Structure formats: structure tokens, C-alpha cells
Amino acid sequence: MTTGLLTTTVGSFPKPPYLQKARNAFASGKLSREELSELEQQATREVIALQEEIGLDILVDGEMARGDMVVFFAEHFAGMEVGGLVRSYGNRYYHKPVVKGPVRWQEPITVDLWRYAQSLTDKPVKGMLTGPYTMVEWSFLEGYDDFRQAVLEMARAVNYEALELDRAGAPFIQIDEPALSTRMEDIDLAIEAMAIATEGLTAKTATHICYGDFVSAYPRFLDMPVKQFDLEMANSSHDLVELLKTEGFPEDKEIAWGVVDVHSHEIESVDDVVAEIKRGLEVLPPERLYIDPDCGLKTRTWDESADKLRVIMEGVRKVRAELGIE
Amino acid sequence: MIATVVGSYPKVPNKPRPARLRLAINKFDRGDMTLEELDRVADEVTIEVLQEQVEAGLDFVTDGQIRWEDEQTYLARNLEGVSINGLIRWFDTNMYYRQPVIEEPLAWTKPSTVRDYTFATEHSSKPVKAVLTGPYTMARLSVDRHYNSVEALAGAFAEALNREAKALQDAGATFIQFNEPAILQAKDDYTTFVASCARVVDGLSAETGLYLYFGDVEGIYPQVLDLPFDLIGLDFVMGAKNEGLLHRTPFTKKLGLGIIDARNTRLEQPAAIAERIKTLGAGIDPDNIHVSPSAGLEFLPREVAQEKLRLLAEGVRQAEGVLV
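From first to last, the protein sequence lines are chains A and B. This note's numbering puts the first residue of the first sequence at 1, with every later residue one more than the last. This note's numbering puts the first residue of the second sequence at 1001, with every later residue one more than the last.
Hints are computed from structural coordinates only; laboratory data are not their basis. Because the structure is a prediction, the values reported are computed rather than measured. Even glycine gets a Cβ: it sits at the ideal position worked out from N, Cα and C. Incorrect hints may have been included.
What the hints assert, rightly or not - Just some of the chain A residues that point at chain B, by a computed CB distance under 8 Å: (1) N24; (2) A27; (3) N91; (4) F140.
Unchecked claim - According to the in silico footprint, chain B covers these stretches of chain A (three or more CB under 8 Å from chain B): (5) 76-88; (6) 93-103.
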């Protein structure tokens, strides 16, 4: 049994073209909810099979039912609505959600597909949630006068969903707060909200964060009440090593070290991956060092994703062999 | 008193109205539409957008920047020495722009916005203002591989944008506005900013405006009152401190009051708007006040943007009734 350098991914996988088509057909009323769900399950099977074939340790369901990470939850929380079209860039638009009134969790949102994914594999599958700060910050806010109150009530709603995943048996729950990176001055609020969102969980908790933000708010960021920081490195691991060497890193926390750049088409070499892993090992023991791509894979093609994961796995196997980890 | 906008307007409406421009660009990208056909759709959408602003009750409108991919690319792509790079977040918004990369000395060779401006004035029943992104913001949001200094790059952009502004002026523009959100995130660089401002308006006889949004002017106020613009627009939504600053040192230029939240759908009511205008505009000649949203309107769905402008205009008319 492996005892170190566990491998995982940040969360999303690319949607197969047939699923993308089906989502468009569903949006224009040409496909039923049941038909779409079947295809989401098919894609989930393919995502799980790919991760198993590559040999990753902690799997994800690949978020085959999700488009935008905020809209997906906004469609299910009471007090939220999916609003009008807003441009995100070029000719790309999305329906930006609106917080209309008191936000309340109503029913499990991610549990069925997580359970389905977990039923396909003996390996642990992570539960993936969007954090409360991001849910509010990336929505229009109409129903609250107070931003903070909206975030804290959102945190309770996220907590209900997290508890459902926990009860269903999810061994890992990752709650991401990408919106924080544009407003690090709100870190206290984000930490307070994360404490609510993770209350009562027995699962291991994680959050994905940009390297630069982690460093700029160091060591305050360590107060984020999660076990694992999943870092988008953006080729800066060298600086992180220096920081952790001088400032230290708590012994009860873990880092998932992003060793390949998901924003590039190029596939890294095994040697590059090995070098990155070794940098991580300078500051963390293998039991607390997880290895993954540096961000969600949904912007890559299926083949690029698979190639990047294979390179990661090959690098990890090499280092494990050197360290005598099996 | 003038009811106006800061610049952009949402390009596509929501159902049941068709998202014509979006569909046209998709078709064009697939090769199913010619550039001429796409241009015609963009013109028709510009007319719609002008009409919506007038219907809402505005006194001073823009072309909505309907053709602009983003506030950098549209001005940068016609300059020599620039290539356009990947997507990057625009300030702290959820909108992305393509980053200009400065590879060689910048050179202005032809206007980017003159035809849009002329078209808009021909199709608007209200006066149209010309809006450009300012040189400092252009410089800060670019990758500099040539000048190796923000100062030099901002100066080069100021030179190029000065040519653009003169071309607009030659085409009849009587009010030319520069949007400079970047300086509020980099106040330490104020000296560089001042130099780029002087250079960008050099030789202009048209009235000029400067809009500063996504923050407050604490630290550079009242110094901004010495800048060579006739009007300065401030953001009283994200720049909560601006109110206190104005209270402390009287505003001596025409004032742009950005008091409608351009980044949230929550609607402001006319009575409250009128009250804000009375408070913030106290002591300023009403003719010298331009009331607007806090920033461009592209962060909002189209229908919400128009409704906000309608309420804004109503608030302005109420305030006029009291102040006149």
C-alpha cells in the first residue's frame, strides 16, 4: 500500500464532445433531463476509468454535471436565481446568478453523482464544492444589505451540502474559494465562512488556492480551517520552498503540490515533474505531500489531460521508487 | 445637470429578444457570415443601444462600445508594436481581457474609434461623447517587452491616444473622455500618471473628461483637481471615501457623480438618487454635474442596465427640480 506522495486532481475534467452537445440540446429544450443525466453518468464512468487506468490515488467525478461553478449551486439553493446574460470575455457570456433573498440549502445537489462515481471505484472519490465567499462574490447581491451576512448564511448552506457528502461517505471534501484571490483583504471573512462550511465534517477537508495569494497572506492563510492546501504553483514552487523553509509550515497540515501547468498545451517531461516533487520534499514529508496538476483540467482536451496525468504518475513512481515508498 | 454613462453598454439582450451580435460573431467565426454582414449587425445593435439610452432619459450617450472586445484590445490592436496575448482578469471583476504585449515602439497609424463615433452621432438624437481607455491604464494592463518602464510606456500610449483623440476632435467630437481605473490601484505612481495625462490632452480644444473608478481618490485628492481635464468622474459606490474627501476640499471642476452601482443588479430608486445628488453636489453648479453609473455597464444584464439608467435619469430630473 502506498504511504506517500498520493496523487489526485484539482476537480474538473474536460467534458467529452457528446456531453457538450447534449448540454446545449438540453438548454434549448431538445433533450430531457433524464437523457442528459444518462450522458453525465456515461462521462463520469469515462472519467473514473481514465483515472483508474492512469493509477491516481484520490479520484474526482470530474464535475460532468457542472458548467459554471457558481451557477451550478445557484440553481439549487433557495434565495438564489440564475440571472441575465453577462459577458465574461470576447464573445463568451454566462448567466450570472443573483442572491435574491435569504439563502437556504434545500436538497442534496452533488451527492447523487458523487455516490455514483464512488460506486464505480474502490479508490476514494473527492466531494467538490464551491466556497461561500465565492458563491456570493461572483453573484449579484440583491437580497442582503450586508455582504458579510450573505457570505455567512451562504456558508451555512454550503455546510449542509458538505454534511450530506460526509454522511454519504465522502472521505475528502474540497471547498474552493477562487474569488478570494481578487480580494485578499476579505481573508478574515473567508476564513470565518470556511469554519462554518466545514463544521461537523469527519472527511478530510481541502481548498484550492493560487500560489501567489497563499504567499501574500502567509501565514494568515494557514488559519483557513482545512487540512490541505491545494496550490496552483504557476511555476513558482522555488519561491514557495524558500518561504516554507524560513517561515515554517504547520505539522498538522498538508499541501497538494501542483506539478504541471494546466493552462499550457505542452506536456511536461517526467524529469520536470520529478524535479517539482523533489522541491516539495525539501519542505514536506511524503505523507503530507500530495501531487496533482496545478488547476482544474476542464480547459484542456481529453488527450492533453490524460497525457499530463500520465507524466505526473510516472514522475511520482520514479520518486517513490527512490524513496522506497510502495 | 446631465444624466450620462461612463462608457460600455451590454452588447446582447436576454430572451425573448435575440442575442443578435453574439450569434453574428459566432457565425462570422465559423465562416458563415462575411465581415460586411457582421459590421451591419454591429451598426444595428449600436443604433438599438443609442435608442435605449435615449429612451431611458439620458442627456449624453455613448456608442456603448459595442465593437470593443475589451477596453484594451480595441485600442491596442491597431497600434504598431503591439501583439495581443492571452486572457487575464480585468481588475477585480469577473470579466477578462486580452493582454496587449508591447514588442516594439508604439506607433499610431490609423484611428480605431472615429468611424464608430461618427456613426453614433449620425444615429443619436442626443449628444454623443467619445470614450477612450486612458494611457496609464493601457500601460498598466499591458506586458512591456520594449520600454522596460511604466513611465515610458504610459508616455508612448499617451502619444498614441493623443493622436486618436485629435482624430476624434477632427471628426467633430466635442467631449473626449479618458477612463483611468488603474491609477486608483497604483497611487504611488501618481507622478507618472500626471505626465501621461498632460501628454494625452496636449493640443486638444474639445472638452475633456477623466473617469476614475473601482476605488477612491484618497491620497491623490485634491491633487487630481490640478489635472488638465474639464471634468473628473468619481466612483461613489466602490469609492465610499470619496464623499468625505469632497466634503473636506471643495471640488473645483465639473464633477462626474458615479452613484449608481454598475456592478450589482439591485436597483436604486429615484428619490434616493436625487438625495445623493443633493448631498454630493452641494455647492456645485448643477450645470457642471454629470450623473452616471459608477463604471461601464457591461457587468450587468442589458435589461437591468437600461432600468438602472431610467431610474438614474428620473433621479436627476428630481434633483434638478429641487436645485434649480
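These are the hints, each one checked on the structure:
no.: 1; hint: N24; in the structure: violated, 12 Å
no.: 2; hint: A27; in the structure: violated, 11 Å
no.: 3; hint: N91; in the structure: holds, 4 Å
no.: 4; hint: F140; in the structure: holds, 4 Å
no.: 5; hint: 76-88; in the structure: holds (count 6)
no.: 6; hint: 93-103; in the structure: holds (count 3)
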